[in-house]
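Visitor: Single-letter residue listing:
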Amino acid sequence: MAPDSQSIDGLVQQITTSNNLEALAHTLRTPGTSGRDVREFILASSMSSGQDPLSVLDLRNNTLGVMYILSARLNIYLNAQSGVQRPPWAIVTQFCEIFDPEQARLAPERIVMFAKSLTRYAQEQGKLKLAIPLLYSLATRLPTTLSTLTPIHHILLLTTLQARHITPEITRLLIEHPIDDLYMYTNIYPDHNLSYIDNLVYHYLGGVILTKTGNYTAAIDYFETALTAPSTTNSPPAGLQLEALKKLRLVQCIAMGGPQPLPKYTSPVLTRILKSTPYQNLINAFPGSLHQKDRGEGPSSGNNRLKQLVSKDRDFYASECNLGLVELLVAEAPKWVIKRLTETYVTLGLAEIGRYVGIDDEQQVRALVLKMIESKAIIATISDSGIVTFHDTPDTADVSVEDIRTLLGDLPSGTNLTKISVPILLEAVQVQSTHLAQLDMGVGRSKEFITKAIKTGGGISSALSFL
Amino acid sequence: MANGPPTPPPTTDVEIQDEARMSDASALAAEGSSDPAPETTSDAAPQPPPSPPIQLQDPYQLIFPRIAELSSQKRWIELIDIAEVTEINASNDQQLSRLFVIVPLILAYLIQNDLPIAKLVLERLPNDIRMSPLISNLGSLTKAYSAGAYEQIYSKANALVNMVAQPEFQQPELAQVINTMVECFLSSFRDRTFLLLSTAYTSMTLSLAEMYFGLGADELLPVAARHGWAYDTPTKVLKPMPTNETASFFAPAASSLANFNFIAQSVSLLEM
Chain A
1 MAPDSQSIDG LVQQITTSNN LEALAHTLRT PGTSGRDVRE FILASSMSSG
51 QDPLSVLDLR NNTLGVMYIL SARLNIYLNA QSGVQRPPWA IVTQFCEIFD
101 PEQARLAPER IVMFAKSLTR YAQEQGKLKL AIPLLYSLAT RLPTTLSTLT
151 PIHHILLLTT LQARHITPEI TRLLIEHPID DLYMYTNIYP DHNLSYIDNL
201 VYHYLGGVIL TKTGNYTAAI DYFETALTAP STTNSPPAGL QLEALKKLRL
251 VQCIAMGGPQ PLPKYTSPVL TRILKSTPYQ NLINAFPGSL HQKDRGEGPS
301 SGNNRLKQLV SKDRDFYASE CNLGLVELLV AEAPKWVIKR LTETYVTLGL
351 AEIGRYVGID DEQQVRALVL KMIESKAIIA TISDSGIVTF HDTPDTADVS
401 VEDIRTLLGD LPSGTNLTKI SVPILLEAVQ VQSTHLAQLD MGVGRSKEFI
451 TKAIKTGGGI SSALSFL
Chain B
1 MANGPPTPPP TTDVEIQDEA RMSDASALAA EGSSDPAPET TSDAAPQPPP
51 SPPIQLQDPY QLIFPRIAEL SSQKRWIELI DIAEVTEINA SNDQQLSRLF
101 VIVPLILAYL IQNDLPIAKL VLERLPNDIR MSPLISNLGS LTKAYSAGAY
151 EQIYSKANAL VNMVAQPEFQ QPELAQVINT MVECFLSSFR DRTFLLLSTA
201 YTSMTLSLAE MYFGLGADEL LPVAARHGWA YDTPTKVLKP MPTNETASFF
251 APAASSLANF NFIAQSVSLL EM
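Those protein sequence lines, which keep their order, are chains A and B.
If you're matching positions, the first sequence starts at 1 in the UniProt record's numbering and goes up one per residue.
If you're matching positions, the second sequence starts at 1 in the UniProt record's numbering and goes up one per residue.
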């Protein structure tokens, strides 16, 4: 290596004059004779003239070099504090806004390092919230698509929750760009690689955020992904997966009336552990659950039972940080009782309904029924004498508009979503099936699949069962 | 972030400036939090300066004119965008001028019927801002809206409007924005209620309708009549007419050859 990669002046010169980015990346990455730690110090120092190298370099055109210097400076400042000049926050912000993703992809581990350091930096300044847009920019622009998971993603969500600053932007990212790809890169220093835990944490926290914003269907998807994340064979499931299961069950009760069957590849250890916790009794007592024994046995006894169970284990739920969800569950329970009633009755008076759900005040029952009609949970009409008439669902499969919205992607603005014509829908379906076909081809082409298929004698299904 | 407030130019001693700002702001926050107290007392005691002296880079006050402009044009989505960007980029979020952005933001979410995130915005606030009477009023409105308690919604909305109409409330521009937005909220809320009641009720008493709309009979009946609701005077019963919402999916009435080709093609692709 040229001797001037051992001094900051030399490095800066190489960064500014280099035409070949690959070669520059290689130079920056290999510390050469001096070793890794010394190289970090060199990167973090000021130039021989006393100038700050960041003032010499252009943040966008010299993204690669700036990345190395910024990450080294922040890292050493936070860990060693040995007289390294702290990069000003304004520079950090500006860099995150305008960095060049192409250059950044030549050394992704530095971006990850940078992301972790800047979060700590923000925290020490007491301004954790300010890190959120920066992390968002880094996480979304580093990989080639928005649905690719990087090690930065889970830091973004963690920071969002810790700063208690959930924005519509984050929610949109979670809903519209579920992860379908991983950002893998070979790295000589393994601490900044994408790991199994990153995936788990991201999906768990994603589920938590989506639950808070009321997007229950998406939250359920995220919790399921966290729950069924593949790990190395024979290793026990992670504790976080048990937490994901608990929250999943609670959200399933709230949003769908009861626990739904889990995917087949869920670890049975988790369900076994859950059975021994108070959550299982709570879920079984929920009106929509299949285990509900007292169907119409004693009106409102089910609801009282729920409340009793909750008050008994209140501290336990609070210590697990699930008390809010549990209380929401109790509040939503009457709705599912009413939903059950629609299966048996055609008309029912408000007072009667009140007796079933355990609410005495007729106005409250009326408000509850009205809310359910509004959210399309039931189809009913109320007469002036307070009689509720339940109607059957019409034949057309009532797919919610929201589910379709994500499939349709970018519609021309002004398209009224309540009137979607068949061609548009067909087109959306077509796009999805071509995407699926491509993914299928990708799997079929992958080396592991082919080797396993050959090993088992060509049976596709048997090869799939190994994956 | 094209809509964000101008980024302060990077200076070599940003650190010192940061610290100066932070110590300033903590002094002002203490000063600012004493402001709600004079606003609630109705006696005409001499008022301390209501808003902290405008700092050089107070993002909330800087962006407020834009927010006011967007609110008068009823461009809620843009208002929300700008407010959220300001919110997340503001380095000092303890100051009371944050109300300039938070109150329109929450009201815009309510107008858009986006309730969960309106509640999350309230959760973001530090305690002293949350205790300010403006926010506690707004909070009870949000709570009433979330519970679907119609009478309370109207009474809380009126309380909010009354509060900013008091002479002690010293930000007339903010009061103006609040008035506009509460009015828009009530009108869009009434529209939504109207649609809901048309499908949910076969008949309802007049007093019930008055409760749902927060309007007296003389204002309500003409509107109802215009939409085809029948009114039976002796029994005071309104019969809502279900508004014709067309089915969610419909095939185009005239099927063209292009459509036919497209569908045939898609089917052949699906059967791959």
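Don't take every hint at face value.
As the list claims (entries may be wrong) - Straight-line C-alpha distance at most 25 Å; calculated SDA-like pairs for lysine to any residue:
no.	chain 1	residue 1	chain 2	residue 2
1	A	K376	B	N261
2	A	K127	B	M131
3	B	K143	A	P237
4	B	K119	A	P237
5	A	K264	A	P237
Read the hints as simulated data drawn from the structure, not as lab findings.
Visitor: Would you mind marking each hint as holding or not holding in the structure?
Guide: For each hint, the structure was consulted:
| no. | hint | in the structure |
| --- | --- | --- |
| 1 | A:K376 x B:N261 | violated (36 Å) |
| 2 | A:K127 x B:M131 | holds (22 Å) |
| 3 | B:K143 x A:P237 | violated (40 Å) |
| 4 | B:K119 x A:P237 | violated (35 Å) |
| 5 | A:K264 x A:P237 | holds (15 Å) |
This entry does not satisfy hints 1, 3 and 4, going by the numbered hints stated previously.
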